[in-house]
Amino acid sequence: MKILVVDDFATMRRIVKNLLRDLGFTNTHEADDGATAWPMLQNGTFDFVITDWNMPGMTGMELLKKIRADEKLKTIPVLLVTAEAKRDQIIAAAQAGVNGYVVKPFTASALKEKIAKIFERVG
Amino acid sequence: MTEQTAEPKRFATLLKQRAPELLECANKNNLEAAVQILIELQHARTPQLSSESDVMENLREKAQLLHDNICNGQFESALVNLQEMQNVRDKGLYQEIGRLTRALHSAITNFAIDSQLEDEASELTEASDRLAYVSELTERAANRTLDLVEDSLPLVKAIQLEANVLKREWQRMVQREMTAAEFRTLYWRLDEYFQKLAADSAVLSGNMTQILLAQDFQDLTGQVIHKVTGLVKEVESSLVELVFMASQVEAITGIIAHGNDAQRDATPDETLGHGPAINTGQADVVANQDDVDDLLSSLGF
Numbered sequence: 001m002k003i004l005v006v007d008d009f010a011t012m013r014r015i016v017k018n019l020l021r022d023l024g025f026t027n028t029h030e031a032d033d034g035a036t037a038w039p040m041l042q043n044g045t046f047d048f049v050i051t052d053w054n055m056p057g058m059t060g061m062e063l064l065k066k067i068r069a070d071e072k073l074k075t076i077p078v079l080l081v082t083a084e085a086k087r088d089q090i091i092a093a094a095q096a097g098v099n100g101y102v103v104k105p106f107t108a109s110a111l112k113e114k115i116a117k118i119f120e121r122v123g
Numbered sequence: 001m002t003e004q005t006a007e008p009k010r011f012a013t014l015l016k017q018r019a020p021e022l023l024e025c026a027n028k029n030n031l032e033a034a035v036q037i038l039i040e041l042q043h044a045r046t047p048q049l050s051s052e053s054d055v056m057e058n059l060r061e062k063a064q065l066l067h068d069n070i071c072n073g074q075f076e077s078a079l080v081n082l083q084e085m086q087n088v089r090d091k092g093l094y095q096e097i098g099r100l101t102r103a104l105h106s107a108i109t110n111f112a113i114d115s116q117l118e119d120e121a122s123e124l125t126e127a128s129d130r131l132a133y134v135s136e137l138t139e140r141a142a143n144r145t146l147d148l149v150e151d152s153l154p155l156v157k158a159i160q161l162e163a164n165v166l167k168r169e170w171q172r173m174v175q176r177e178m179t180a181a182e183f184r185t186l187y188w189r190l191d192e193y194f195q196k197l198a199a200d201s202a203v204l205s206g207n208m209t210q211i212l213l214a215q216d217f218q219d220l221t222g223q224v225i226h227k228v229t230g231l232v233k234e235v236e237s238s239l240v241e242l243v244f245m246a247s248q249v250e251a252i253t254g255i256i257a258h259g260n261d262a263q264r265d266a267t268p269d270e271t272l273g274h275g276p277a278i279n280t281g282q283a284d285v286v287a288n289q290d291d292v293d294d295l296l297s298s299l300g301f
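If you read the sequences in order, they're chains G and C. Be aware that the first sequence starts at 1, since it is given in my numbering, and climbs by one per residue. Be aware that the second sequence starts at 1, since it is given in my numbering, and climbs by one per residue.
What the hints contain is simulated information worked out from the structure, not anything from laboratory work. Any given hint could be a false lead.
List of simulated lysine-lysine pairs, DSS-like, C-alpha gap at most 30 Å [as the list claims (entries may be wrong)]: (1) C:K28 x G:K17; (2) G:K17 x C:K16; (3) G:K17 x G:K65; (4) G:K17 x C:K62; (5) C:K233 x G:K86; (6) G:K65 x G:K117; (7) C:K16 x C:K28; (8) G:K117 x G:K2; (9) C:K167 x C:K157; (10) C:K196 x G:K112; (11) G:K117 x G:K17; (12) C:K16 x G:K65; (13) G:K66 x C:K233; (14) C:K227 x G:K86.
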């Protein structure tokens, strides 16, 4: 399982990566925004994307829309982990085809639960 | 317009009438109302001049009269003309001061430091709320980290101490300096140690993860501080406008200053996202992960 963690804050990426390692996922890669993540996604064979929303360059929302519009990448599960907590935004993310939405600040168990749920659904 | 003769009387009446009100406004810092009263009074004093736009026209007219009177040798009339011109200038001055005071007042209002507005939190109040949120998050994270480290240290210390004791005992056993009874004691002590080691290292590992998670504040505080920095820049540019306006005070003696009211619109840039929700009590903001889950499941997730 190859996972891409996209967040502009290095500490946040470390936290997510450590939580993933705790869950047994060690093949994790990092990108600091959507613009950096996009070529990595196209060249790599990622199975899962965890992304922040609010990032300079390309936001997580733009990245999600781009992934869903791409023939090769459109089935990749995407989990948004973000501080954006407006109802409109959550609805917009759902409509854009997000697989899960975790609001910051989050607990380890919340993230684990969402990831487990996504994998259970995706299979 | 009143007649020239009735004018001082009317002014005096109005002054007596309005003075207490003016004083009250000044005491209550109600500049807008005070300025209105001043304008009214000034208007009563020199009713022949109606508005600011007429000032130049009036001056031109009077200057022409002055010129004609001097040419015709009518010095008394010329002096009256000069006094009239002075009145025109005074009126313009008062009007300009009034305008500047209003502009100043609205600039201050635009600064949104009026904390008396209860229904609408000003931007600066919100900024201090945001900074309070930063300090709260960082404090909580620091305390949590320290607590976990303080919980972990005794465990590590105990493991270390026991390891040293056991190492010495083990050494004695290797060198066959140990009695059978002592060996039996060591045997069970080792067994106990391994059990404790397994349990304690699990606790330590859990603590490490908790410490790691406690660092997540940096992401949130970074975003909040970024927003407040933006506001500070905005306030700075408003201040520059105020300074510019103050510099105009010098220009008003020439009655040539033009209005430069600080019209600031504080439309937030939606493309940058909202950042973390500080006030989760708002209707359009979810309070926690459960709310997100409820919202998503209501959408068929």
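Worksheet entry | Structure-inconsistent hints, enumerated in ascending order | Structure breaks hints 1, 2, 4, 12, 13.
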